[in-house]
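Visitor: If you want the building blocks of each chain, they are given just below.
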Amino acid sequence: MLEPLIYELSTPGRPGHRFPDPDVPLADLPEGMIRQDLMLPELSELEVVRHFVRLSQLNHAIDTGFYPLGSCSMKYNPKVNEDAARLPGFAHSHPLQDPSTQQGSLAVMYSLQDWLKEVGGFAGISLQPAAGAHGELSGILMIRAYHRDRGQPQRNKILVPDSAHGTNPATTTMSGLRVVELPSDARGNVDLEALRAECDETLAGLMLTNPNTLGLFEERVQEVVRLVHDNGGLVYGDGANMNALLGVVRPGDLGFDVLHFNLHKTFSTPHGGGGPGAGPVGVRDLLVDYLPGPVAAELEPESEALPPLYGLVMPTKSIGRVKAFHGHFGMHVRAYAFIRSHGKPGMRAIAEHAVLNANYLLAGLRQSYRVPFDRRCMHEFVAEGRFEGVPEIHALDVSKRLMDYGFHPPTNYFPLIVREALMIEPTETESKPTLDAFIEAMKAIAEEAHSEPELLKGAPHGTPFGRLDEVQAAKQLVLCCRPAELERAAL
Amino acid sequence: MNYPADLKYAGTDEWVRVEGDRATLGVSDFAQDQLSDLVFFEATVRVGERVAAGEQVATLESVKAAADVNSPVSGEILEINQPLAARPELVNTDPYGSGWMVKLKLTDKSELAALMDNTAYQRNTEARGGR
Chain Y
1 MLEPLIYELS TPGRPGHRFP DPDVPLADLP EGMIRQDLML PELSELEVVR HFVRLSQLNH
61 AIDTGFYPLG SCSMKYNPKV NEDAARLPGF AHSHPLQDPS TQQGSLAVMY SLQDWLKEVG
121 GFAGISLQPA AGAHGELSGI LMIRAYHRDR GQPQRNKILV PDSAHGTNPA TTTMSGLRVV
181 ELPSDARGNV DLEALRAECD ETLAGLMLTN PNTLGLFEER VQEVVRLVHD NGGLVYGDGA
241 NMNALLGVVR PGDLGFDVLH FNLHKTFSTP HGGGGPGAGP VGVRDLLVDY LPGPVAAELE
301 PESEALPPLY GLVMPTKSIG RVKAFHGHFG MHVRAYAFIR SHGKPGMRAI AEHAVLNANY
361 LLAGLRQSYR VPFDRRCMHE FVAEGRFEGV PEIHALDVSK RLMDYGFHPP TNYFPLIVRE
421 ALMIEPTETE SKPTLDAFIE AMKAIAEEAH SEPELLKGAP HGTPFGRLDE VQAAKQLVLC
481 CRPAELERAA L
Chain W
492 MNYPADLKYA GTDEWVRVEG DRATLGVSDF AQDQLSDLVF FEATVRVGER VAAGEQVATL
552 ESVKAAADVN SPVSGEILEI NQPLAARPEL VNTDPYGSGW MVKLKLTDKS ELAALMDNTA
612 YQRNTEARGG R
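First to last, the sequence lines map onto chains Y and W.
The first sequence begins at 1 in our numbering and counts up one residue at a time.
The second sequence begins at 492 in our numbering and counts up one residue at a time.
There could be a bad hint or two in this list.
Unchecked claim - Only part of the chain Y face toward chain W is listed, based on derived beta-carbon distances under 7 Å:
no. : residue
1   : R226
2   : R467
3   : E470
Said to hold, decoys possible - So the derived list for chain Y, only partly shown, Cβ under 10 Å to chain W, looks like this:
no. : residue
4   : H394
5   : L396
6   : A474
Hints are computed from structural coordinates only; laboratory data are not their basis.
Note that CB positions come from ideal geometry on N, CA and C, so glycine has one too.
Kindly generate the complete structure, drawing on both the sequences and the hints.
Guide: Shown next, in the form of structure tokens:
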């Protein structure tokens, strides 16, 4: 074990902090509420710090290395975002304060809504949803409310392409609607014939990711949108791949009725274990009244003497509140800082460099890896982790071997329409030398797959832990943290 | 890859073994190989329930992906392979035997004509990269 559990580092009686003697009488805890079985670890502050710093050093993070995890936009999270989020006026504010005392926070929310409206081409934004899938749920509930409101509750069918994120069908089912899967055509686009066949009076809408999860721009997106609209449906946009579009194409202009943004992807707030996500939704005018709320609004315009007065308002036909208080406000501040530090021209540069970097990697890897649907990619692409003559090598083995070269693996086995999928997304923040080093590592692994396949099967060799037993990990779930003694006793 | 001759196969990788008006249903060797190690099996129907051809009867999850199992034939569910819930790996080790999933009473035997025999199914999987 490289680092023991914190319970194993415990020394009975060792305090982390010594409290001053009380100057008031002590109140004893009620007898029946004192537990002896908690076995809380007892360590000094220094021991705690060293334990967690050591653990953090076992990890791979965007701050330690390249992280080309497709569909996740693992870009650098600028530290100025953290500075902004820690400004005392933001960090120490409380959502139950009187709005007159949180005008600065409300102004940030209002301005962020404005920016997202602008880059998305939308009429309204709600910052409430806590993450991407939560934004999806909010969006589909809005579509459902819209149809019911218009006396068309029979519209209960949501079309989802087979290249969609797995959350799309899950969202639909959770909203009480019906999922119908649409196949992709030979170029990786939505199959228009299959779409036409599903256009009937039960159509509630279509969920579309553009660029799709193959990293390809839907070449006939406007025709797809028109078909759905002509048949009374609405179009939901999964904004997970907005990094390819920023400042270049606005989903609202393409006809998308609602779209979620992933602030933790496109707008550089921490992703994964680094912090909570945030999944604001943007809508065209026909859905503005249905937005989850409250949303930030300008209650009184700026005058000569006073700045504008901001407040929170509930849209008239809102699907309701989907998150406590203001959503993940700390993430709103970080995303706002990111947007303001790039400005308008910077938004477009983000997309251009993200797409350029992905195409550079694709060009460098095309000779060593099979690429189905090989056409100009957007911010990511999908290659196959399998090789002629060595059927025992899978995408997982390529990924594990990459860790020995110091890189985080790409997304594996997604989308499902590609065999042994390796989904690679470099983002805009990586330099050419980093991309070159990654290409070299991938080429070396492709050669090893033929010359020394056991090197891949046994990988990783140089990480703190070797190959983990994924089957056992999935079957024997340990769902809560308990002291090691109890855990062992339970087995 | 194993393609027993006494079974009928669906393009969505389920197999059916017909005995009189009863059918046993599972997923093919190719399907389990594509999914890799299975970690979860759940029947989505109950004994006595009627399913139409194409309707879901179970959910599978592997370390790679989740997949629906659809019945290629219509019928009434007679039995569910209960041990699979605790031992989904049986689908990997014995897809045509102890890895079976449900048994049905067929309501329309003419549907069987739409399914593939083993040589047609083998050609079908080879076109999709099967071995």
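Visitor: When the hints from earlier in the document are held up against this structure, which numbers fail?
Guide: 1, 2
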